[in-house]
Amino acid sequence: MNIIPGITILLLFQLFGEAMVIVFQLPVPGPVLGMLALLTTLVIRKGWQGSLEPVSQVILRHFSLLFVPAGIGVILHFQRFENEWFAIGTALFISTVIALSATALLMELVVRSRHSTRGQSTDDA
Amino acid sequence: MTPETLYEAWVYLAASPLLGLTTTLVVYIVCNWLYQRSGQWPGLNPVMASIIVLVTLLKTTDTSYETYFEGAQFIHFLLGPATVALAFPLYRQLPKLKGLWGFILGGILLGGLGSALSGIWIAELLGASGTTLLSLAPKSVTTPVGMGIAEKIGGLPSLTAGLVVLTGVIGAVIGPSLFRLLRIRSDIAKGIAMGTASHGIGTARALQLSEEMGAFSGLAMALSALITTFTLPVVLQYLSYY
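Top to bottom, those sequences are chains A and B. For the first sequence, the numbering used here assigns the number 1 to the initial residue and increments by one for each residue that follows. For the second sequence, the numbering used here assigns the number 1001 to the initial residue and increments by one for each residue that follows.
Hints are computed from structural coordinates only; laboratory data are not their basis. No residue lacks a Cβ here, since even glycine has one placed at the ideal position from N, Cα and C. Keep in mind that a hint or two might mislead.
Simulated coverage check for chain A against chain B, where a stretch passes if three residues somewhere in it have a Cβ under 8 Å from a Cβ of chain B [claimed, not checked]:
#1 3-17
#2 29-38
#3 41-50
#4 58-65
#5 76-86
#6 99-112
Cβ-Cβ distance ranges computed for the label pairs, FRET-style [claimed, not checked]:
#7 A:Gln57 <-> B:Leu1006: 41 to 49 Å
#8 B:Tyr1238 <-> A:Arg61: 35 to 43 Å
#9 A:Asn2 <-> B:Pro1042: 30 to 38 Å
#10 A:Phe24 <-> B:Lys1098: 28 to 36 Å
#11 B:Arg1183 <-> A:Trp85: 27 to 35 Å
#12 B:Leu1013 <-> A:Leu12: 45 to 53 Å
#13 B:Pro1003 <-> A:Val23: 55 to 63 Å
Not everything, but these chain B residues come out facing chain A in the computed CB check (under 8 Å) [claimed, not checked]:
#14 Leu1079
#15 Gly1114
#16 Ala1128
#17 Leu1163
#18 Leu1207
Just chain A, with the same shape it has in the complex (with noise of 0.2 Å):
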């Protein structure tokens, strides 16, 4: 499969996000920045997309995978855990919820009012 030139070219982006944030010490991560410069190649290039997308489309089906070796560092807090694990866990649940339920009950709002004739509605989850 064609995977070089494709995983060349999103660590380009990245490397180009990075060294934005070095040289003008912005306060954000250099992937982000990164995604942002590839969406505006996109846009102005339309749809110019190389040898990406396949790429693209695996590192993204197995996304929630690169997350696992951060979240093991919990191993580094246990002690933390142990002694204060009920503040911790009732203040990450329900906050969580909250963030869930106020975004998605704004926006549905939105939507709904502004593509009452598209009818944008797909029943999963």
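Guided by the hints, dock chain B onto chain A, whose structure is given.
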């Protein structure tokens, strides 16, 4: 083969990056297989299950996180190019964004600050320490950004990394059921909420449900990283948390 040679082999392999990398992949593949076999039952979320299994393995074999990360860093590294790759699904959904920009920014600001402040207040109410509170604040943004913010406001970056992943898992697990309960129909609304509340792990879950939801979740994740970086430290300073 004597027990000594076996032990020597173990000592040698335990210190090499190969073991940490391979173990992570094998555990994830098995967890993901079980998850698919269960009909994607949320209780078997593969990220959560993998973390529990691997933490147990590291604890029982007395392996340090540093040794493990020697191998796992190769997976961790791919977070960068994967984030860049999110530009793709986003590009394909771009026409649907017309006229929605202002609302999307408002929704992300509401969800991002709501998540941070409610998290801090609840933890404070339940008696968590000051360091925990500050490490908890940036939990809804993607791992590297969250760690950067934690460092700036006086939290512990490595603790934040763990809390960020836990938040992502919680959102990925309860998101779909919560949306059904609240009768959210639009994939745009679901996606923006997933990306705002639970960053990349929420986005990974959203991508499995529909490309549209995944694309908007990726967008919300990127925008919320930008917005939170600039607003959260200011708000916390105003409320004199640091």
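Hints and how they fare:
Here the region 3-17 of chain A counts 6 residues with a CB under 8 Å from a CB of chain B, which clears the bar of 3, and the coverage holds. Look at the region 29-38 of chain A against chain B: 8 of its residues bring a Cβ nearer than 8 Å to a Cβ of that chain, three or more, so the hint holds. Chain B is given as covering the region 41-50 of chain A, and this holds because 4 residues of the stretch bring a CB closer than 8 Å to a CB of that chain, at least three being needed. Interface restraint, the region 58-65 of chain A with chain B: holds (6 residues with C-beta to C-beta distance below 8 Å; minimum three).
Figure legend: the region 76-86 of chain A, annotated as covered by chain B; annotation consistent (5 residues with Cβ-Cβ distances under 8 Å, at least 3 required). With 13 residues having a beta carbon nearer than 8 Å to a beta carbon of chain B, the region 99-112 of chain A meets the requirement of three or more and the stated coverage holds. In this structure the hint that Gln57 (chain A) and Leu1006 (chain B) lie 41 to 49 Å apart at CB holds, the actual value being about 42 Å. Distance hint for Tyr1238 (chain B) and Arg61 (chain A): a CB-CB separation of about 42 Å, consistent with the stated range 35 to 43 Å.
Between Asn2 (chain A) and Pro1042 (chain B) the CB atoms are about 36 Å apart, so this pair conforms to the stated range of 30 to 38 Å. Checked against the hint of 28 to 36 Å, the pair Phe24 (chain A) and Lys1098 (chain B) passes, with Cβ atoms roughly 30 Å apart. At about 33 Å, the beta-carbon gap between Arg1183 (chain B) and Trp85 (chain A) stays in the expected band of 27 to 35 Å. As the Cβ distance of Leu1013 (chain B) to Leu12 (chain A) is approximately 35 Å, the hint placing it in 45 to 53 Å is violated.
The given range of 55 to 63 Å is respected by Pro1003 (chain B) and Val23 (chain A), whose C-beta atoms sit roughly 57 Å from each other. For Leu1079 (chain B), the suggested interface contact is upheld, since its CB lies about 5 Å from the closest CB of chain A, less than 8 Å. At about 5 Å, the closest approach between the beta carbon of Gly1114 (chain B) and any beta carbon in chain A falls short of 8 Å, and the interface hint on this residue holds. Hint status for Ala1128 (chain B): holds, given a least beta-carbon distance of 4 Å to chain A, under 8 Å.
For Leu1163 (chain B), the interface hint holds, the least distance from its beta-carbon to any beta-carbon of chain A being 7 Å, beneath 8 Å. A least Cβ separation of about 6 Å between Leu1207 (chain B) and chain A falls short of the 8 Å threshold, and the interface hint therefore holds.
Comparing the model with each numbered hint stated earlier shows that hint 12 is the single one that does not hold.
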